[in-house]
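If you read the sequences in order, they're chains A and B. Numbering-wise, our numbering comes out as the position in the first sequence, counting from 1, plus 1419. Numbering-wise, our numbering comes out as the position in the second sequence, counting from 1, plus 1419.
Think of the hints as simulated: they come from the structure by calculation, not from any bench. Certain hints may be false.
Chain copies aren't distinguished; within one or between two, either way the pair holds.
Unchecked claim - The calculated lysine-lysine pairs, modelled on DSS-like cross-linking and capped at a C-alpha distance of 30 Å, are:
#	residue 1	residue 2
1	K1855	K1480
2	K1563	K1427
3	K1427	K1855
4	K1703	K1482
5	K1855	K1482
Predicted model, so just to flag it, every value in this text is computed and none were measured.
Protein chains: 2
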Amino acid sequence: MRRIEIAKVLAQPALDDTITVMGWVRAFRGNRFIALNDGSTPHTLQIVLDAEKIDETIIKKIKFHACLSITGQLVASQGAGQAVEILAESIEVLGECNPEDGYMMQPKVQTMEFLRTNAHFRMRTNTFSSVFRLRHAIAFAVHKFYNDRGFFYIHTPIITGSDAEGAGEMFHVTTLDTNSPPRLEDGSVDYTQDFFGKATNLTVSGQLQGEIAALALGKIYTFGPTFRAENSNTPRHLAEFWMIEPEVAFNDIVDNMDLAEEFTKYLINYCLENHLADLELLDKRLAEEQNALPKDKRRAMGLIEQLRFVVDNAFERITYTEAVEILMKSKPYKEKKFEFPVEWGSDLQSEHERYLVEKEFKKPVIVRNYPKEIKAFYMRLNDDDKTVAAMDVLFPGIGEVIGGSQREDRHDLLVERIKAIGIAEEELWWYLQLRKFGGAPHAGFGLGFERMVQFITGMSNIRDVIAFPRTPGNAEF
Amino acid sequence: MRRIEIAKVLAQPALDDTITVMGWVRAFRGNRFIALNDGSTPHTLQIVLDAEKIDETIIKKIKFHACLSITGQLVASQGAGQAVEILAESIEVLGECNPEDGYMMQPKVQTMEFLRTNAHFRMRTNTFSSVFRLRHAIAFAVHKFYNDRGFFYIHTPIITGSDAEGAGEMFHVTTLDTNSPPRLEDGSVDYTQDFFGKATNLTVSGQLQGEIAALALGKIYTFGPTFRAENSNTPRHLAEFWMIEPEVAFNDIVDNMDLAEEFTKYLINYCLENHLADLELLDKRLAEEQNALPKDKRRAMGLIEQLRFVVDNAFERITYTEAVEILMKSKPYKEKKFEFPVEWGSDLQSEHERYLVEKEFKKPVIVRNYPKEIKAFYMRLNDDDKTVAAMDVLFPGIGEVIGGSQREDRHDLLVERIKAIGIAEEELWWYLQLRKFGGAPHAGFGLGFERMVQFITGMSNIRDVIAFPRTPGNAEF
C-alpha cells in the first residue's frame, strides 16, 4: 500500500479509508497512543493501537524516534487534541531506536549545545524541524521574490583568485602538498604549481562578480555560501554562511533602500502566510525561554507579534550624521554607559545600533551616508566628498542584517580610491573595465541569510539555524 | 522620469506615452536606428533618432555596448521587424564604450575562447545573455519543483572535515601559513592548529549530510556548489560546479527513477513554457554551429526539437546486465570499434553510454543495478549479492546527468562494506548511527546542474554555461 504523508492526511483526511503512514515516534503513551511525525508538518498524527491486534515484540520496539510503517483505518478522533487518528491494523518497525544501544536523544528538553553535538538527530526535535522547514521557506521566498520581479539568479565563484574584496580574513584553497610544497628559489611557496596556477581563497562575497552580471542582465541576485576565517566564537558568527546579494543596474541608493525594505518584509510575510504552525511552535518556545530570564533581559515583543510589527510599519530611514546626533543626545551617552566612543567618523558599534533600533525608534532602521573612511572602496562618494552612499539595515535583536551601497561607477574616482587604500589596479582590472566600458549607475546589498532566519525563528544562537555550523574548531558532520 | 524595463515595454506597450528606457547599444544603423537591450529580454527595443534633435557630440558616443538613457514617445513602428519603437527626444550617455580606449568586444561573431577570457563582458552578447537567463530559469524551476512537492531545501556544508565521501580528489582548505606551517615532532603539519582543529576539504557532495535531513524531515534536496580537484581539461568538467541532490525517506530505487524522470522533464518543460524566445535564439545558434560541421558529426535533432522529444517520451529503463547484453550484440562491438572492453563487471564508458542513448534507444536511458565493485559504498546491496541499487540517467549528447541509488539502510551490511573498502568506522560515526537509530529505507540522486543547463541551452562546452568557470589553471574573475 502506497504511503500518504502526514501533512496530506491532516489537510485532506479521507475518513474511513485504510491508509499507510510512515514516520518517527515522537511519543508513545499507555502502550496505546503513538504520536507519529514524518517531517512533512510540525503536527503529529495520532495512532491508536489495540494491544491484542499487534504482536508484543513489535510493541516493545515502539520507542522514542523509532521509525514505523503503520497501516490502519483513518477515523474521526474520539479524544481531544486531534481531529483524526488511525486505528492501527498492522505495524512494521523500519528502524529500531534503543537507548540501551546508545541512542542519546531523549523525550525531554535537552540543551542546545547537546543538540549541536548531535546535529545528525536534532532535526527530529520539534524545535529544529520547525527551524529547518522555515529556513527552507525563507530560501524559497528569496527565489520567488526575485523571480517574480524579473531578477536573474547568478552563481558567483566560490573559489576566487582575488583577495581584494576586503571583507575580512580568508580561507586558503590549495591542492599543494602542505607538508612539502614546491618552492621558488627564494624559498617561498611556488603557487604557479597550485591547481589554479596561483594562490586562491574562498569567497567572502559575490558582489564584485554580481556587478558584472547586473551590467549586462540588468537585475540579478546571488544566493550562495560565503566564508570568514575569523576567530569569532560568538552566537552571531559563522565561518561558513549563506548570503543573498541583489545588484541592480540603474538603481541609486534610494531604490536600494526601497528594495531592501520590500524584500525583508516579503520574506517575513511569506512565512506568516505559509508556515504559521511552525512559527506558533517557535513563538511558544521563545516565550518559555524568555520566562526563564530576569524581566529586564526579556524581549519587548513575542516572536509573531514582532514579525507582524516589522511588516506593518515603515522602516525608519536616517543618515549616519543624524544617527550620531541622536546618540549624542541619548541617556546612555550622557551617563557614559556606552563602551565605545560616539563621534562623527567612528563606526557605529552594536551597542549604538541597538539603542537606535530598540530604544529610539523601536523598529528596523536604515542608516545611510557613512563616512567614506569606514566603508569599502567600491561605495559611491557623495557630493559632500566626506560620505559614501552606503546603507545598513538594522533589525531588533540581531542588529545588522543588510549592508549595501550604491557603487562607485565613475572610473577615475574608483581608481583614486583603490590607490588610496593600496590595492593594485591589476588585481581589479575587470572591475575597473566595467566602469570604463558601458558602465552605469548601480546599487546592491548583501543580506546575511542566517541572520534573517534567526530573526524569523527567534533562535538566539546562529549555530541553531544552519544544519551543520562551521565555527572555529568545529567542522563536524 | 522613472525608467521602464524593455521586457515590460514590449509585453504591454503603452502606445503614445513618453517613457524612459536604459540599456546597452546592441546596434546603431545609419546614424538613426538604435537597437537597445537592458538584459530583461532577448529582444531589443528600436530607438529612432532624429539627428536634428540630438546633439552631435552625443551621437558620436552611441557605440556598440555604450550605456544610454533614452526618453521619448513610444509609437507603433513604421518598419518591419518590430511592433513598437521609441522616437528619441533626449539621450543621455551613462557609460561610454570606445574601441579606441581598449574595448575588446565587437559586433560580430567572436570565438567562445575569446569570450571566456572576457567573461566580464560576455553576458552582453545575445548568446550568453540567453544562456544566463535560462540558467536562472532552470535554477528557479528546481526550487519550484521541490517546493511544490513538499521537499525542504537544505544547505549542506561546503567545508568538510570528512574525506570519506570517496567521489574524487579534493581541495584542501586551511588558514595555516603555507610557507611555514606549525609542525609536530615527527615533522608533519600540525592540523590541530588549523582553523577547524583538523584538516578540512571542500565538499564533493552533500549527499551524506542530506541523508541526515531526509531521515528527519522526510523529503529534502540540496542545491549547492561542489568541487573536484581533478586535472580534467575537458569540455565536460569543471573544478567548481553546482549540484542538486534530492533525498527521500521511504523511497526505493523505482521511486527514485520516477522522481529523476519527472524532475528532469519538469525543468525542460519549464523552459519551453517560460523562455521560448531565449531557446529559439539558441536553437538558431546551434543550427549555425552544426552547419559548419561535416554531416556525420551533426546532431540528429535541433535544440527545441530534442527538448520536446525528451519530455514527450518515457525514458528507457534497463539494468546494467541488459545494457551489457545489448552492447555485446551491437555492431561497434562486433566490429571492435569500442575503445574500452565490454564485459560484465566493467564500468560503462562514455562510448557505451552514447551507443545506448543515441543509437539503440534514441532517448534518455536509465541504467540500474550495477555491479557493487564499481559503485560507491553507500549503495544498497541487491538480493543477488552482486549488484547494488544504483542508477545512472544518460542523456543524448551529454551522457550522464544523474547518478543515484537507494542507500544501504542496513547497519551491519554498511559496516561490512566500509571495512571492505578501508574507511575507518569513526570517520563515518554519524552516518552509521543514522542506520542504528530510527533508520528507514531511503533513496536519492545527484543532478549535475551545469550538465542540465548544457542540455537545455545546447552549449557544447560546460565553461559556457557557468558565469565564471573554474578549471585547471584558471580562477580569473
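Can you name, in rising order, the numbers of the hints this structure does not satisfy? Hints that this structure does not satisfy do not exist here, as all of them hold.
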